[in-house]
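Just so we're aligned: the sequence shown equals residues 4 to 788 in the numbering used here.
These are computed hints drawn from the structure, not numbers from a lab. Don't take every hint at face value.
As the list claims (entries may be wrong) - DSS-like cross-link-like pairs, simulated, lysine-lysine; straight-line CA separation at most 27 Å:
(1) K649 x K574
(2) K781 x K721
(3) K764 x K781
(4) K760 x K708
(5) K708 x K574
(6) K721 x K708
(7) K649 x K708
(8) K649 x K721
(9) K764 x K649
(10) K574 x K444
(11) K444 x K649
(12) K760 x K574
(13) K764 x K721
(14) K649 x K760
(15) K721 x K760
(16) K444 x K381
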Amino acid sequence: MYNPRAMELHRAETARDRMRVSAPVTLALLIYVALAIVWTSPLLLHLHTHLPSDPIDPGLNTWILWWNSRTVPLTTDWWNAPSFFPLRGSLALAEHLLGISVITTPVQWLGGTPVLAYNLAFLISFALSAIAAHLLCFCLTRDHVASVIAGLAYGFAPYRAAQIGHIQVLSAYWAPVALACLHRYMQVPRARWLFLFGLAWLMQALSCGYYLFYFSILVLLWILWFADPVRNPRAFVRIGAAWAMGAVPLLPVLFGYLRVQQTLGLTREIGEIRRFSADIVSVLGVSPDLTIWSRILRPTDLETALFPGAVLGAVVVWGILVVSRGAGARQESPMRVLRTVFAATSLLFSLTALSVAIWGPWRLGVAGVWISVSRIDKELGHAFFALLALAVTSGTFAAAYRRRSVAGFYLSSAAFAFLMSLGPTARFCSMPIWDGAPYAKLMLLPGFSSVRVPARFWMVVVLCLAASAGIAFRDLRLRLRVRPTLLFLLCGVGLMADGWIGALPLSPTPVACELLDRLPSPQTPVLELPIGPVEADCAAMYRGMSHGHPVVNGYGGYFPPHYAALRVGLKRRDPDMLSELASIGPVYILIHRGMDSAGEILRYASGRPDVIHVSNSQSDSLYLLRHGPPTDHPVFGTPAEIASIKVLPTADSLRAIHDGDVHSPCFIGASQTGSEQMTVQLAQLTEVTGIRLYLGRYATAFPRKVRVEVPVDGRVWKSVWLGSAAPLAFRAALSNPREMPMTIVLPPQFVQSIRLKQLAKDPTVPWVITEIEVISAKDLSTPMR
4 MYNPRAMELH RAETARDRMR VSAPVTLALL IYVALAIVWT SPLLLHLHTH LPSDPIDPGL
64 NTWILWWNSR TVPLTTDWWN APSFFPLRGS LALAEHLLGI SVITTPVQWL GGTPVLAYNL
124 AFLISFALSA IAAHLLCFCL TRDHVASVIA GLAYGFAPYR AAQIGHIQVL SAYWAPVALA
184 CLHRYMQVPR ARWLFLFGLA WLMQALSCGY YLFYFSILVL LWILWFADPV RNPRAFVRIG
244 AAWAMGAVPL LPVLFGYLRV QQTLGLTREI GEIRRFSADI VSVLGVSPDL TIWSRILRPT
304 DLETALFPGA VLGAVVVWGI LVVSRGAGAR QESPMRVLRT VFAATSLLFS LTALSVAIWG
364 PWRLGVAGVW ISVSRIDKEL GHAFFALLAL AVTSGTFAAA YRRRSVAGFY LSSAAFAFLM
424 SLGPTARFCS MPIWDGAPYA KLMLLPGFSS VRVPARFWMV VVLCLAASAG IAFRDLRLRL
484 RVRPTLLFLL CGVGLMADGW IGALPLSPTP VACELLDRLP SPQTPVLELP IGPVEADCAA
544 MYRGMSHGHP VVNGYGGYFP PHYAALRVGL KRRDPDMLSE LASIGPVYIL IHRGMDSAGE
604 ILRYASGRPD VIHVSNSQSD SLYLLRHGPP TDHPVFGTPA EIASIKVLPT ADSLRAIHDG
664 DVHSPCFIGA SQTGSEQMTV QLAQLTEVTG IRLYLGRYAT AFPRKVRVEV PVDGRVWKSV
724 WLGSAAPLAF RAALSNPREM PMTIVLPPQF VQSIRLKQLA KDPTVPWVIT EIEVISAKDL
784 STPMR
């Protein structure tokens with residue numbers, strides 16, 4: 004029966020409950036904002052003129068956020084951002100930052116500058132992360148004091164000092180909100196919490212591509228722990244459906260990245276992923292900006308500065324003890340037997356690895372079966388997998404899982420995420436100790452092989468440790484005979500001290516160029532010289548926000564295949580490279596004379612009849628490279644039959660040069676010394692019109708200078724082509740970026756042997772060929788390019 008008085012009392016009680024929650028949360032948010040302002044000082048005084056850290060990644064991200072405010076996301080114009088001209092789809096070479104644009108776009112629409120919008124989003128990321136962790140911990144503990152500890156641990160962690168140049172990594176404030184919504188759904192199963200979870204997960208994925216992958220792993224672990232399909236199939240299905248619905252708006256973004264990167268043939272080499280993975284001792288690595296710990300521990304590379312902080316570590320250790328307490332129940336006999344097998348297996352492989360370390364590789368034959376042991380990291384990998392199985396089958400872990408322990412989940416997830424941060428090959432003091440670590444299995448999933456920095460899994464670790472710290476602090480406060488206020492101050496001040504920096508490093512924004520700002524016709528691209536240093540390229544992109552022209556320079560997480568050839572050709576002052584640029588349209592060339600003290604660039608760019616001087620300023624000179632004729636000349640014919648290939652001095656996988664696979668590489672030497680040569684013997688005397696050298700995905704490894712020779716009388720060789728290969732590689736990358744076929748046009752002549760010599764030096768890049776074709780004029784029906 005409807006009772007108006009009872010309903011009125013219920014609404015009043017609900018309002019009072021909300022007031023009891025909202026008031027402390029509002030106070031906590033104000034505290035976090037004040038701490039963020041102090042932590043990032045003196046940024047508040049330079050919001051319009053400086054960027055945090057250096058101008059490279061912050062400058063790139065400022066430019067991306069500016070572009071998001073100028074175009075409609077997911078449209079063709081949005082993907083074709085004005086960098087790396089004439090490339091299309093250049094936005095897919097870096098993060099899109101759409102989740103952060105929710106903050107920065109309104110600021111710019113209201114008249115704020117791009118750098119102001121960036122700095123506000125940067126500053127508020129600390130406070131938002133802290134209040135998000137606060138809300139998560141409050142859902143778990145219903146204790147605002149413990150929640151402040153979690154907020155400080157997450158919002159001002161030492162790891163953030165190492166990531167001040169990466170706003171996308173700092174913007175991890177949606178992840179705690181998503182987890183809080185999941186916990187609330189399990190407490191009060193209402194659809195609104197699932198909707199908010201899907202929205203928060205989507206916003207986190209749109210804010211940082213790394214968290215699309217790494218945080219999703221944590222969400223999957225959460226579901227398996229709290230809503231597994233066996234014990235709670237209803238919650239499992241509903242949460243999965245909400246997650247899938249949240250992922251639907253992300254599909255156009257993912258397909259856009261997939262389309263562009265597949266078109267360009269962009270991949271991550273396994274060596275690059277290993278280089279950006281954490282080391283086990285990275286937990287002792289600190290940012291040099293930390294006030295206290297940089298004097299005690301050794302500063303390290305910023306991507307591997309994973310020190311969690313002494314206070315957070317101490318509180319988490321207490322949490323581990325709490326979880327372990329009472330979990331020592333006797334296990335069933337089959338489980339004890341299985342654990343014995345795991346322990347024995349781990350010991351056996353550990354001893355095998357030790358034998359290799361002492362005596363070196365060995366082989367043992369038993370009954371016709373040979374056992375070969377040669378690598379320490381491989382044997383230790385087996386031992387570590389057995390140890391991992393031993394940990395998962397432990398009584399402590401099993402008891403925590405049966406109880407659906409919240410503290411047990413976050414502590415176990417922190418350990419798992421740290422294991423993932425080690426990358427595909429775990430290392431200890433730079434020595435590989437676990438080949439094929441769990442992250443290597445993760446790379447088999449779609450998208451994970453394109454993620455470059457496994458060490459950024461550490462932000463997931465920080466989130467899990469912060470939640471664990473809040474839970475452990477609540478237990479500490481209840482158990483210890485210490486005044487709660489004193490304990491709170493000790494932990495709170497200690498957490499802030501662990502992650503404190505003396506002064507936020509700032510860099511002035513690149514200076515705008517008046518010469519470019521005055522130019523008409525904003526569709527004409529601009530090339531700034533010198534090209535190549537990432538600082539200069541980022542500055543060129545940054546100035547593009549002011550003058551509005553497409554920019555030939557560029558910077559991102561990937562570099563398009565044509566850019567390496569462009570940089571090499573321009574640095575070597577190759578006149579043919581300017582001809583290639585002229586063939587794709589008129590280009591403004593801005594020369595920074597302060598970076599050209601000898602005047603080489605000025606003479607190189609201005610000493611051509613198709614270059615027109617436009618204007619000068621005190622520090623710069625502006626020229627216009629007029630539109631020129633096409634430089635791509637077709638080669639008619641079909642590939643001739645190759646009998647043999649010889650390479651000097653050495654070649655790795657010589658067979659790959661002519662195996663029909665344009666992606667299998669042959670490395671000719673470890674670097675280009677100017678003495679490499681390759682002789683191709685044809686099956687018969689053939690009228691040759693050209694040579695095609697394929698680079699595949701090795702866009703930087705083209706020969707720097709090539710001479711093509713043919714025999715005159717069997718002993719004397721004459722040169723029939725001499726020039727730089729950079730323009731050829733540039734042209735090949737634009738026309739076919741996945742295969743990159745460099746075509747050398749030769750005067751038609753009957754020969755059976757051709758010799759290619761590499762004449763220049765490059766100590767950092769080898770000469771790579773993935774396939775070679777010698778074009779015969781025998782068939783004139785099809786033009787070859």
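Verification of the supplied hints:
For the hint pairing K649 with K574, the CA-to-CA distance comes to about 31 Å; that exceeds 27 Å, so the pair is violated. The hinted pair formed by K781 and K721 meets the criterion: a straight-line CA distance of about 23 Å does not exceed 27 Å. Taking the CA atoms of K764 and K781, the gap is about 36 Å. The hint is violated against a cut of 27 Å. Between the alpha carbons of K760 and K708 the distance comes to roughly 8 Å, so the proposed pair stays at or under 27 Å and holds.
Pair hint K708 plus K574 holds up; C-alpha atoms about 13 Å apart against a cutoff of 27 Å. Our distance criterion of 27 Å between C-alpha atoms is met by K721 and K708, whose separation comes to about 17 Å. Taking the CA atoms of K649 and K708, the gap is near 19 Å; set against the 27 Å cutoff, the hint holds. With a CA separation close to 18 Å, the supplied pair K649 and K721 stays within the 27 Å bound.
Note on K764 and K649: the hinted pairing holds, with a Cα-Cα distance of about 21 Å set against a maximum of 27 Å. The suggested pairing of K574 with K444 is violated, with an alpha-carbon distance near 41 Å, which exceeds 27 Å. The suggested pairing of K444 with K649 is violated, with an alpha-carbon distance near 39 Å, which exceeds 27 Å. This hinted pair checks out: K760 and K574 have alpha carbons roughly 21 Å apart, not beyond 27 Å.
Simply put, K764 and K721 have alpha-carbon atoms about 22 Å apart, close enough for the 27 Å limit, and the pair holds. For the given pair, K649 sits about 12 Å from K760 by alpha-carbon distance, which is consistent with the 27 Å threshold. Annotation: proposed proximity of K721 to K760 holds, straight-line Cα distance about 12 Å (limit 27 Å). Among the hinted pairs, K444 with K381 is consistent with the structure: their alpha-carbon atoms are about 15 Å apart, no more than 27 Å.
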